[in-house]
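Participant: Those protein sequences? They're chains A and B, same order as listed.
So the first sequence is numbered by the numbering used here: it starts at 1 and just counts up by one.
So the second sequence is numbered by the numbering used here: it starts at 1 and just counts up by one.
Since the hints were made in silico from the structure, they are not lab data.
Virtual Cβ for every residue (Gly too), placed ideally from N, Cα, C.
Treat the hints loosely; a few may be bogus.
[To be verified] Listed below are the simulated DSS-like cross-link pairs for lysine-lysine, each with C-alpha atoms no more than 30 Å apart in a straight line:
id, chain 1, residue 1, chain 2, residue 2
1, A, Lys197, A, Lys256
2, A, Lys231, A, Lys194
3, A, Lys197, B, Lys2
4, B, Lys2, B, Lys138
5, B, Lys273, A, Lys130
6, A, Lys162, B, Lys3
7, B, Lys2, B, Lys211
8, B, Lys3, B, Lys217
9, B, Lys3, A, Lys197
10, B, Lys36, B, Lys138
11, A, Lys11, A, Lys256
12, A, Lys113, B, Lys97
13, B, Lys2, A, Lys162
14, A, Lys130, B, Lys2
15, A, Lys110, B, Lys98
16, B, Lys358, B, Lys273
17, A, Lys113, B, Lys2
18, A, Lys37, A, Lys231
19, A, Lys110, A, Lys82
20, B, Lys273, A, Lys194
21, B, Lys2, B, Lys220
22, A, Lys130, B, Lys3
23, B, Lys208, B, Lys33
24, A, Lys231, A, Lys256
25, B, Lys33, B, Lys138
26, A, Lys197, A, Lys130
27, B, Lys36, B, Lys211
28, A, Lys110, B, Lys3
29, A, Lys194, B, Lys36
30, B, Lys273, A, Lys75
31, A, Lys113, A, Lys82
32, A, Lys110, B, Lys220
33, A, Lys11, A, Lys75
34, B, Lys138, B, Lys3
35, A, Lys75, A, Lys130
[Stated by the list, open to error] Derived list of chain A stretches under chain B, where covered just means 3 residues or more per stretch with a C-beta under 8 Å from a C-beta of chain B:
id, segment
36, 11–18
37, 53–66
38, 215–226
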Amino acid sequence: MSRIQEAFQGKKAFIPFITCGDPDLETTEQLVYAMEKEGAAIIELGIPFSDPTAEGPVIQAANLRALSGGVTTDKVFETVEKIRKNSRIPLVFMTYANVVFSYGTERFVKRMKETGMDGLILPDVPFEEKEEFDSVCREYGIELISLIAPTSHERIRMIAEKASGFVYCVSSLGVTGTRSEITTDIGEMVRLVKEAKDIPCAVGFGISTPEQAAEMCRHADGVIVGSAIVKLCGAHERDCVPYVAEYVRSMAEAAK
Amino acid sequence: MKKGRYGIHGGQYIPETLMNAVNELEEAYNYYKNDKQFNEELTQLLNEYAGRPSRLYYAGRMTEDLGGAKIYLKREDLNHTGAHKINNVLGQVLLAKKMGKTRVIAETGAGQHGVATATAAALMGMECEVFMGEEDTKRQALNVYRMRLLGARVHAVTTGTATLKDAVSETMREWTRRIEDTHYVLGSCMGPHPFPEIVRDFQAVISKEIKEQLMEKEGKLPDAVLACVGGGSNAIGAFYHFIEDESVRLIGCEAAGRGVNTAETAATIATGKLGIFHGMKSYFCQDEFGQIAPVYSISAGLDYPGIGPEHAALYDRGRAEYVAVTDDEAVDAFEYLARTEGIIPAIESAHAVAYARKLAPQMGKDQIMVINISGRGDKDCAAIARYRGEDIYE
């Protein structure tokens, strides 16, 4: 069983997201340790991209802050190397196809393996285009995470059958960002996935409160939270670690 | 499973949320493109409303002045709304209506595609929202007013560089937010399949007409067809029916901005490399880590860091040539065509005119060149006057 799948064993997984290098890569490293300590099961590390088309304003702004601070793919890999000296928590990159493709897909995935990354999420690579990336990921033992959306309907079976790691269930239409209400029938989405394959399902997009986390975890195996955390990083900059730690503690507790 | 490939280019690199929408669009398009009634309605709109066929005008004074090839201008500038954009928009909005959509959204750079979309939406009774980079809303304030006048809502996009690429990103985001009743009227032969094919097919009327008109006037094919290229919709339209005619040189004119050796350029073929962005694999201006470059051109319509996948493939197999034209050369050509032929071209189209001025003298007097004048230049007059140091505002 992979490190990612172990993270779902016997418990609900709380999966926080941060943008690497926002406000700087030293803080990113400290955030990982703090979030692990407070109960994160898996951590999503965003590699910033100039034009993140699946993101709402909060994470878009974080991407631009990180890039203007000089973050590059190589520097992110160096940070992961440092983290891996102190932590074994499953780490998943979340970035855009061009960041991987322009680095050289094989070179990128090989470097992921060498630095100790576990998985990869590419929101602009749907099922129809995934083989180009997945064939390389399989070769190096990296799990390429599949996404399903409220519009996926009859596509869920096909996607789930070929999924690895966990299935990322997009809770709502639109881009990332906090929402006061989630109207999609998450229970039904998860049921359709599990009908096709026995694989953990984590829900993301729009979740920010402990109540929402608890509600989502009634149906799913975990929750993913990005914008609410990135907002704290944006507001408190280099002093954000204790604020994020406290938030992650409350969310991980609620998700249990 | 891969769809919509042009050589190694194209594809569907979009969020899962949009996959059913593009599949539904593909299915509808494959049905209606062969539907007699749809085609009759579209032809009626193109002819009676947009003013097709557009003229193929023999530019006698320009021909004489340059002393080489016989030059014809394909007058897309004479279409309703002043550019080729209407060809695609009438097709897509009619298709959207057949699909039961009640709302259209669109990106726009210079505003031509936004105005065309707002126009078609007004005509067909659809709700319309246009996304335009904040920078461009300032550069093209009059077009913002036009769109509002036509009943559209215009959103100024403030993210990124606040230009065309950001407008495309924001329109994609809007589409993922509201899909059920909404069609995204993509303005160029780019984005995820089936958009490059749909836009090309609706623009291909340009080369179909050129071929027929030239056959009537000269009894032969042209030797060269020139068009400006941003995303590449007017160029693919002007090239399409000549692709199989290997004797016809197809030349796309990219915006070099202040020069292809500067950072202030939008010449994708000259300076870009293979990448994945805005739903497609193609060539993009980007840095070594794949971050999309903030491109520049005097022309808001060519100010885009990528090129449509079919152009990328035509380039790869050497079927079409792509040349870079600077701001200075384009502005000179803008003024040249005004004085020589009494035709003020769009600054975008002026890029093609600029290269024609270099190429025509090298061609024989028995050879024929066609330049696609993709749009009219009224929208650019204030900006060009300012470029020449005159203090004029719209």
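Participant: Taking the hints in turn, state whether each one holds.
Facilitator: Do the hints match the structure? See the list:
{"no.": "1", "hint": "A:Lys197 to A:Lys256", "in the structure": "holds (23 Å)"}
{"no.": "2", "hint": "A:Lys231 to A:Lys194", "in the structure": "violated (33 Å)"}
{"no.": "3", "hint": "A:Lys197 to B:Lys2", "in the structure": "holds (23 Å)"}
{"no.": "4", "hint": "B:Lys2 to B:Lys138", "in the structure": "violated (40 Å)"}
{"no.": "5", "hint": "B:Lys273 to A:Lys130", "in the structure": "holds (21 Å)"}
{"no.": "6", "hint": "A:Lys162 to B:Lys3", "in the structure": "holds (19 Å)"}
{"no.": "7", "hint": "B:Lys2 to B:Lys211", "in the structure": "violated (33 Å)"}
{"no.": "8", "hint": "B:Lys3 to B:Lys217", "in the structure": "violated (40 Å)"}
{"no.": "9", "hint": "B:Lys3 to A:Lys197", "in the structure": "holds (26 Å)"}
{"no.": "10", "hint": "B:Lys36 to B:Lys138", "in the structure": "violated (43 Å)"}
{"no.": "11", "hint": "A:Lys11 to A:Lys256", "in the structure": "holds (6 Å)"}
{"no.": "12", "hint": "A:Lys113 to B:Lys97", "in the structure": "violated (49 Å)"}
{"no.": "13", "hint": "B:Lys2 to A:Lys162", "in the structure": "holds (16 Å)"}
{"no.": "14", "hint": "A:Lys130 to B:Lys2", "in the structure": "holds (9 Å)"}
{"no.": "15", "hint": "A:Lys110 to B:Lys98", "in the structure": "violated (48 Å)"}
{"no.": "16", "hint": "B:Lys358 to B:Lys273", "in the structure": "holds (27 Å)"}
{"no.": "17", "hint": "A:Lys113 to B:Lys2", "in the structure": "holds (27 Å)"}
{"no.": "18", "hint": "A:Lys37 to A:Lys231", "in the structure": "holds (20 Å)"}
{"no.": "19", "hint": "A:Lys110 to A:Lys82", "in the structure": "holds (17 Å)"}
{"no.": "20", "hint": "B:Lys273 to A:Lys194", "in the structure": "violated (41 Å)"}
{"no.": "21", "hint": "B:Lys2 to B:Lys220", "in the structure": "violated (39 Å)"}
{"no.": "22", "hint": "A:Lys130 to B:Lys3", "in the structure": "holds (12 Å)"}
{"no.": "23", "hint": "B:Lys208 to B:Lys33", "in the structure": "holds (16 Å)"}
{"no.": "24", "hint": "A:Lys231 to A:Lys256", "in the structure": "holds (23 Å)"}
{"no.": "25", "hint": "B:Lys33 to B:Lys138", "in the structure": "violated (38 Å)"}
{"no.": "26", "hint": "A:Lys197 to A:Lys130", "in the structure": "holds (18 Å)"}
{"no.": "27", "hint": "B:Lys36 to B:Lys211", "in the structure": "holds (23 Å)"}
{"no.": "28", "hint": "A:Lys110 to B:Lys3", "in the structure": "holds (28 Å)"}
{"no.": "29", "hint": "A:Lys194 to B:Lys36", "in the structure": "violated (45 Å)"}
{"no.": "30", "hint": "B:Lys273 to A:Lys75", "in the structure": "holds (22 Å)"}
{"no.": "31", "hint": "A:Lys113 to A:Lys82", "in the structure": "holds (14 Å)"}
{"no.": "32", "hint": "A:Lys110 to B:Lys220", "in the structure": "violated (56 Å)"}
{"no.": "33", "hint": "A:Lys11 to A:Lys75", "in the structure": "violated (33 Å)"}
{"no.": "34", "hint": "B:Lys138 to B:Lys3", "in the structure": "violated (38 Å)"}
{"no.": "35", "hint": "A:Lys75 to A:Lys130", "in the structure": "holds (26 Å)"}
{"no.": "36", "hint": "11–18", "in the structure": "violated (count 0)"}
{"no.": "37", "hint": "53–66", "in the structure": "holds (count 6)"}
{"no.": "38", "hint": "215–226", "in the structure": "violated (count 0)"}
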